[in-house]
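Trainee: Here is how the chains run, residue by residue.
Number of protein chains: 2
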Amino acid sequence: MITCGRYIRSILYLLLLISVQFGPHAVEGVWPLPQAFTSSPERYPVNSQDFYFVYGRQSAAQQGCSVLDTAFKRYFSLIFPDHNSADGVLGFSKRKLFIAEISVDHGDCEGYPNEDSSERCNTGLETFSQLVYQDDFGSYFVNKTEIDDFPRFQFRGILLDTSRHFLPVQAILKTLDAMAYSKFNVFHWHIVDDPSFPYQSSTFPDLSSKGAFHPMTHIYTQSDVRRVISYARLWGIRVLPEFDSPGHTTSWGKGQPGLLTPCYKGGTPSGTFGPVNPALPSTYRFMARLFKEVSSVFPDSYVHLGGDEVDFHCWRSNPDVRVFMQKMGFGGDFTKLEAFYIENIVNITSALNKTSIVWQDVFDYHERRTSLSVVEVWRAGCYLCEVRRVVKAGLRVILASPWYLDQPGPTHNWARYYTVWPLAFKGSEEQKKLVIGGEVCMWGEYVDATNLTPRLWPRASAVAERLWSDEKQTSSVDKAFPRLQDFRCKLLRRGIQAEPLYVGHCKHEYQGI
Amino acid sequence: MITCGRYIRSILYLLLLISVQFGPHAVEGVWPLPQAFTSSPERYPVNSQDFYFVYGRQSAAQQGCSVLDTAFKRYFSLIFPDHNSADGVLGFSKRKLFIAEISVDHGDCEGYPNEDSSERCNTGLETFSQLVYQDDFGSYFVNKTEIDDFPRFQFRGILLDTSRHFLPVQAILKTLDAMAYSKFNVFHWHIVDDPSFPYQSSTFPDLSSKGAFHPMTHIYTQSDVRRVISYARLWGIRVLPEFDSPGHTTSWGKGQPGLLTPCYKGGTPSGTFGPVNPALPSTYRFMARLFKEVSSVFPDSYVHLGGDEVDFHCWRSNPDVRVFMQKMGFGGDFTKLEAFYIENIVNITSALNKTSIVWQDVFDYHERRTSLSVVEVWRAGCYLCEVRRVVKAGLRVILASPWYLDQPGPTHNWARYYTVWPLAFKGSEEQKKLVIGGEVCMWGEYVDATNLTPRLWPRASAVAERLWSDEKQTSSVDKAFPRLQDFRCKLLRRGIQAEPLYVGHCKHEYQGI
Numbered sequence: 001m002i003t004c005g006r007y008i009r010s011i012l013y014l015l016l017l018i019s020v021q022f023g024p025h026a027v028e029g030v031w032p033l034p035q036a037f038t039s040s041p042e043r044y045p046v047n048s049q050d051f052y053f054v055y056g057r058q059s060a061a062q063q064g065c066s067v068l069d070t071a072f073k074r075y076f077s078l079i080f081p082d083h084n085s086a087d088g089v090l091g092f093s094k095r096k097l098f099i100a101e102i103s104v105d106h107g108d109c110e111g112y113p114n115e116d117s118s119e120r121c122n123t124g125l126e127t128f129s130q131l132v133y134q135d136d137f138g139s140y141f142v143n144k145t146e147i148d149d150f151p152r153f154q155f156r157g158i159l160l161d162t163s164r165h166f167l168p169v170q171a172i173l174k175t176l177d178a179m180a181y182s183k184f185n186v187f188h189w190h191i192v193d194d195p196s197f198p199y200q201s202s203t204f205p206d207l208s209s210k211g212a213f214h215p216m217t218h219i220y221t222q223s224d225v226r227r228v229i230s231y232a233r234l235w236g237i238r239v240l241p242e243f244d245s246p247g248h249t250t251s252w253g254k255g256q257p258g259l260l261t262p263c264y265k266g267g268t269p270s271g272t273f274g275p276v277n278p279a280l281p282s283t284y285r286f287m288a289r290l291f292k293e294v295s296s297v298f299p300d301s302y303v304h305l306g307g308d309e310v311d312f313h314c315w316r317s318n319p320d321v322r323v324f325m326q327k328m329g330f331g332g333d334f335t336k337l338e339a340f341y342i343e344n345i346v347n348i349t350s351a352l353n354k355t356s357i358v359w360q361d362v363f364d365y366h367e368r369r370t371s372l373s374v375v376e377v378w379r380a381g382c383y384l385c386e387v388r389r390v391v392k393a394g395l396r397v398i399l400a401s402p403w404y405l406d407q408p409g410p411t412h413n414w415a416r417y418y419t420v421w422p423l424a425f426k427g428s429e430e431q432k433k434l435v436i437g438g439e440v441c442m443w444g445e446y447v448d449a450t451n452l453t454p455r456l457w458p459r460a461s462a463v464a465e466r467l468w469s470d471e472k473q474t475s476s477v478d479k480a481f482p483r484l485q486d487f488r489c490k491l492l493r494r495g496i497q498a499e500p501l502y503v504g505h506c507k508h509e510y511q512g513i
Numbered sequence: 001m002i003t004c005g006r007y008i009r010s011i012l013y014l015l016l017l018i019s020v021q022f023g024p025h026a027v028e029g030v031w032p033l034p035q036a037f038t039s040s041p042e043r044y045p046v047n048s049q050d051f052y053f054v055y056g057r058q059s060a061a062q063q064g065c066s067v068l069d070t071a072f073k074r075y076f077s078l079i080f081p082d083h084n085s086a087d088g089v090l091g092f093s094k095r096k097l098f099i100a101e102i103s104v105d106h107g108d109c110e111g112y113p114n115e116d117s118s119e120r121c122n123t124g125l126e127t128f129s130q131l132v133y134q135d136d137f138g139s140y141f142v143n144k145t146e147i148d149d150f151p152r153f154q155f156r157g158i159l160l161d162t163s164r165h166f167l168p169v170q171a172i173l174k175t176l177d178a179m180a181y182s183k184f185n186v187f188h189w190h191i192v193d194d195p196s197f198p199y200q201s202s203t204f205p206d207l208s209s210k211g212a213f214h215p216m217t218h219i220y221t222q223s224d225v226r227r228v229i230s231y232a233r234l235w236g237i238r239v240l241p242e243f244d245s246p247g248h249t250t251s252w253g254k255g256q257p258g259l260l261t262p263c264y265k266g267g268t269p270s271g272t273f274g275p276v277n278p279a280l281p282s283t284y285r286f287m288a289r290l291f292k293e294v295s296s297v298f299p300d301s302y303v304h305l306g307g308d309e310v311d312f313h314c315w316r317s318n319p320d321v322r323v324f325m326q327k328m329g330f331g332g333d334f335t336k337l338e339a340f341y342i343e344n345i346v347n348i349t350s351a352l353n354k355t356s357i358v359w360q361d362v363f364d365y366h367e368r369r370t371s372l373s374v375v376e377v378w379r380a381g382c383y384l385c386e387v388r389r390v391v392k393a394g395l396r397v398i399l400a401s402p403w404y405l406d407q408p409g410p411t412h413n414w415a416r417y418y419t420v421w422p423l424a425f426k427g428s429e430e431q432k433k434l435v436i437g438g439e440v441c442m443w444g445e446y447v448d449a450t451n452l453t454p455r456l457w458p459r460a461s462a463v464a465e466r467l468w469s470d471e472k473q474t475s476s477v478d479k480a481f482p483r484l485q486d487f488r489c490k491l492l493r494r495g496i497q498a499e500p501l502y503v504g505h506c507k508h509e510y511q512g513i
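Which chain is which? The protein sequence lines are A and B, in order. My numbering applies: residue 1 is where the first sequence begins, and numbers increase by one. My numbering applies: residue 1 is where the second sequence begins, and numbers increase by one.
Hints may contain errors.
One copy or two, it doesn't matter: identical chains are merged, so the pair holds either way.
[Stated by the list, open to error] Simulated pairs of lysine to aspartate or glutamate, DMTMM-like, Cα-Cα distance not exceeding 25 Å:
1) Lys210 <-> Asp135
2) Lys479 <-> Asp311
3) Lys507 <-> Asp206
Bear in mind the hints are in silico, worked out from the structure with no lab data behind them.
For reference, chain A alone in the conformation it holds in the complex:
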């Protein structure tokens, strides 16, 4: 029985069994480690012909619940990779030999995952699927196991950057699969940036037709975006869109003339452009319309506004911007101008009922911090110092600094990502609760669909365990290593091109070359 509540508290339980075997078992464990886990050597055979997921009688959700129906189908195939057809999974036969009964205490089957959703049984099914193993003769088994599980942090994200390189939708979907296997629950879609604008806006189609690498082949249509969101939903994964401004917007300027600040050199326009022009009312009218669209396309209650790395040179060079600065009483302090800009964008998104996330730069220069909600800490150095400053200001934090996995490194670096202690700063319990989670960043300078998967996995899985599991139970790298090695083999078995941790082998090597 897997019971799924506000947080997952799953008890895997075997209901009907005809043959029971005892013997040595090969459970290497589950990744990320559940909060409480008791397994016994009692081993039960599981046969794909005689295996069913069923809804419990008390379950608020019943057959027809799209999220669970799909999860049953997906996990059936994951548990039995040799089984050719998942047909009849939800049906009943005369030989009900092994039934996994699923009960849900609320019936939220059609909505989108959100910050306070239950994680909807998916993580419980994932755990169960990792417990089933094959012996040397190909028979499947599961040991009697009791699990009580829930995530340590509610926000466990992966950022993909689809501007520096375009990622085909397939590559994104494959990443969503792998995220679910490690219990990540937020796909942070850094969808546009300086190099290209692949998001095809229905309000401003020129943004992609002029700003994408190619207006037909290197774009995400509305239908592509919907596909990603609904695919993610079925895994219990939220899709957090980021439209980063006022910096990182070079590609926006191609399809939206007048949006970017013209830079000046020696008193005349140089022909180049800087950040979004914060001095023009037209800028805010454009942003209001764009974010209105974004808010309706992306159902998540969060939206990421960016706000990082704004270069003031171009603003400073522009006489109109300087006049605006004087008018507003900002003096020569361009951080005030940027704060003003972001304040406006935050107001736009608040009016759309969205909670905004910003990169730490915004917090650092923003005096009226109370208008902010969630700050993502990304700079290297003493990132816990920054976390502490943010929570002291009463704001929520997402930690990304130690998890920039786009930087290549030998895979044994996983230990560096694993031994991060996000709450190891001086602060009250209330302050620590403001750390809502963390995020793996996979920036795109050197990454596209050719190397995305091996660069992410299994290193991101190390982060996943840090964000999901109890810290005291998972403080040893040496203890985690064999379990992570085993989990990496499970990823290969599921077709995820996860790179090796060190010398060794998996029973089923990656063949999909």
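Given the structure of chain A, go ahead and fit chain B onto it with the hints provided.
Mentor: Just chain B, lined up with the frame of chain A:
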């Protein structure tokens, strides 16, 4: 016409043309850069329906020449990736619109590539295939081009390590494809090492049945090895086997008891084993039989004997080895013992008519250097100092030190591999001729089929140009960059999962995720 002699001197020439078009062209160039290259804006359409490779009348090889027949078929598909069937490539139709005439001045169609073979037209066909391009409407064109080409170094290798991780045969074949596209001509197969012995020996089947990661799924059968060798042959690629000893042999000991040196602790055997035991006559009888098999399975005239990183601790601990040292008059100098061992192995392989290659360690401790032939320089530091020492001793050199690509790094590191000048040491012309080439090493600690391809390509292509092209014409990283970017897109188009060099896009992104 592509004429293939002792070295490739190819002139691409258009014989029969019905329609001729002039116009702007999109030739981004060829990688690696040919020795001499003149292209004109004269552009000719190339249509898969009307395109044929034919043998010239004067050609020593004619239809039925397996190497060329296969190359024609392979390159037809590479030139026209949209064309579904390569049938009829070698036939004639009534509309002979575009004929690439191939002439060979010798008829070596059935042998294996070797150190003094011509590179058999494959490299000329590769160049030609890179010259054909598609316009925005999908039509194919080639510009009138004259090329005179030959390699700077005769030995241009890639080492794959199939012991630390097992690489499925498919991954090896795919690497051979990519090697041919960059004109590499030696596959150095580091087939066995400490962690596993995947080579299934017909003489000593226990070596793999007990020493492989798995005796059935993680081995190379005789048929697998033959498949790799014959596949490589058709690309003009030599297969150089390495059976590294006396160190790096832990896995050998499992299937060949008595081969390794028992280590002692406190006067008694500790239960662990060190390098191959050089004190026993049985060792040399075993090696003679093994290398006899290896020599007949691998047709190449070179064999790599390893000889690197021998740890003397175990030899020193073993009383029988110490007695042998005294008997031989080696005193306490274990380098003499190792030299003695290698001398014996070199004699075994010489008697089998094989030229042996050893890692530089052997040269460093070997007094009677004249018995050596080819030394591979691999240690970091002043590798050109070592190259100079080796050629001064009159031995041939292969350079590997600067090209350890198994170490991950941002792809822009390609420039580090590109700006290596293998002959930039003080020495005579004769001495410089002893530098026969170089090699990319892809060791297996962190590499298997999941990440092999993006880690190799396109960084290895940078090495390929250094080893193939004229140094003066290819000394600029900035000039090479756009051409390498374009070549990397060609690799993607051919299904090679080559990682990106930097921000940007290809017309056809990698889809095979």
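Trainee: All hints are to be evaluated individually against the structure, with a verdict given for each.
Mentor: Taking the hints in turn, this is what the structure says about them:
1. Taking the closest pair of Cα atoms, Lys210 and Asp135 come within 25 Å of each other only across two copies (20 Å); inside a single copy the shortest separation is 56 Å, beyond that limit.
2. For the homomeric pair Lys479 and Asp311, neither the shortest alpha-carbon distance inside one copy (45 Å) nor that between copies (30 Å) is at most 25 Å.
3. In the homo-oligomer, the alpha carbons of Lys507 and Asp206 lie at most 25 Å apart only across protomers (20 Å), although the nearest pairing inside one protomer, at 50 Å, exceeds that limit.
Comparing the model with each numbered hint stated earlier shows that hint 2 is the single one that does not hold.
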